[in-house]
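Those sequence lines, one after another, are chains W and B. For reference, each letter of the first sequence is one residue, going 1 to 117 in the numbering used here. For reference, each letter of the second sequence is one residue, going 1 to 109 in the numbering used here.
To be clear, the hints were calculated from the coordinates, so they are not data collected in a lab. By construction, the Cβ of each residue, glycine as well, lies at the ideal position given by its N, Cα and C atoms. You may find that some hints are simply not true.
Stated by the list, open to error - Here are the computed lysine-lysine pairs in the BS3-like style, where the Cα-Cα straight-line distance is at most 27 Å:
1) W:K66 <-> B:K68
2) W:K64 <-> B:K79
3) B:K57 <-> W:K14
4) B:K57 <-> W:K66
5) B:K59 <-> B:K96
6) B:K63 <-> W:K41
7) B:K57 <-> B:K96
8) B:K42 <-> B:K101
9) B:K63 <-> B:K79
10) W:K20 <-> B:K42
11) W:K66 <-> B:K96
12) W:K41 <-> W:K66
13) B:K68 <-> B:K57
14) W:K64 <-> W:K14
15) W:K20 <-> B:K79
16) W:K64 <-> B:K42
17) W:K41 <-> B:K69
18) B:K42 <-> B:K68
19) W:K20 <-> B:K96
20) B:K57 <-> W:K64
21) B:K79 <-> B:K68
To be verified - With beta-carbon atoms standing in for the labels, derived distance ranges:
22) W:I12 <-> B:E45: 40 to 46 Å
23) B:P109 <-> W:S54: 26 to 32 Å
24) W:S83 <-> B:K63: 28 to 34 Å
25) W:I12 <-> B:S20: 16 to 22 Å
26) B:E17 <-> W:S73: 34 to 40 Å
27) B:P40 <-> W:M45: 46 to 52 Å
28) B:K96 <-> W:V3: 39 to 45 Å
29) W:S83 <-> B:P109: 44 to 50 Å
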Amino acid sequence: GAVVSQHPSWVICKSGTSVKIECRSLDFQATTMFWYRQFPKQSLMLMATSNEGSKATYEQGVEKDKFLINHASLTLSTLTVTSAHPEDSSFYICSATRVFGLPYEQYFGPGTRLTVT
Amino acid sequence: EDQVTQSPEALRLQEGESSSLNCSYTVSGLRGLFWYRQDPGKGPEFLFTLYSAGEEKEKERLKATLTKKESFLHITAPKPEDSATYLCAATGANSKLTFGKGITLSVRP
């Protein structure tokens with residue numbers, strides 16, 4: 001149990017276009033979903049936290065107008081990278097905590113590799 | 001500011017050669033210490049949660065332990081399939097996960 005999926009697994013887009021990444025909890029309802037980005041050989045860096053039906057909370061230094069997060073239901077959150085630029089190329093990973101699970105225990109998706117050309 | 005430091009950065013072991021991975025943490029109001037395994041190009045896979053000093057958890061060849069300042073992931077008789085990056089993360093009073101940079105483990109047959 002506790003499976004999280006992401007779609008797409010990789011995407012290449014041109015500079016200036018927008019890209020949407022989906023994160024779904026497949027076999028559980030998620031209290032909270034998180035979005036991270038990870039650069040090669042670096043830690044996962046938290047970008048934002050979202051709860052269903054609420055506005056996302058962004059970490060300091062993360063542009064909320066650039067990284068739009070929509071948490072439409074207890075099983076789906078989306079991250080839209082607007083007007084993407086090459087420096088937005090990264091590995092984006094979502095995670096979720098279960099409604100009836102252990103506190104703070106996050107389950108991660110497989111990640112989405114974004115390349116902006 | 002919460003900090004999590006892992007050492008060494010990389011570890012190469014011979015198959016069957018047991019060892020330990022270290023995770024030092026400075027977290028205000030620790031609520032949980034987590035270990036994950038991450039394979040190249042994949043998301044982290046949950047391994048263990050530890051909540052209080054003295055706690056230990058085991059799964060197959062892995063055993064995680066926790067003190068007030070450190071956590072160790074002990075690998076007993078590793079196999080090549082244990083090769084991966086092992087991430088340590090902690091949650092404190094701010095309820096956010098702070099990750100270490102990870103330890104890349106290579107196990108040679």
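Hint says 28 to 34 Å; check whether the CB-CB distance for W:S83 and B:K63 agrees. violated (48 Å)
Given pair status - W:K14, B:K57, alpha carbons within 27 Å: The given pair, whose Cα atoms are some 46 Å apart, is violated under the 27 Å limit.
Hey, W:K64 versus B:K42, does the alpha-carbon distance stay inside 27 Å? holds (25 Å)
Does the alpha-carbon distance linking B:K42 and B:K68 stay inside the 27 Å limit? violated (31 Å)
CA of B:K63 to CA of W:K41, is that 27 Å or under? holds (25 Å)
Does B:K96 sit within 27 Å of W:K20, going by the straight-line distance between their CA atoms? holds (24 Å)
Range agreement (Cβ of B:S20 with Cβ of W:I12, hint 16 to 22 Å): violated (41 Å)
Mind checking the alpha carbons of W:K66 and B:K96 for me, to see if they're no more than 27 Å apart? Distance ~22 Å between W:K66 and B:K96 Cα, so the pair holds.
Taking 27 Å as the top limit, are the C-alpha atoms of B:K57 and B:K96 close enough? holds (22 Å)
Check whether the Cα positions of W:K20 and B:K79 lie no farther apart than 27 Å. Status violated; Cα separation ~39 Å.
Verify the proposed pairing of B:K42 with B:K101, using a straight-line Cα cut of 27 Å. holds (15 Å)
Does the Cβ-Cβ separation between B:E17 and W:S73 fall within 34 to 40 Å? With Cβ atoms ~48 Å apart, the hint is violated.
In summary, the numbered hints that this structure violates are 1, 2, 3, 4, 15, 18, 20, 21, 22, 23, 24, 25, 26, 27 and 28.
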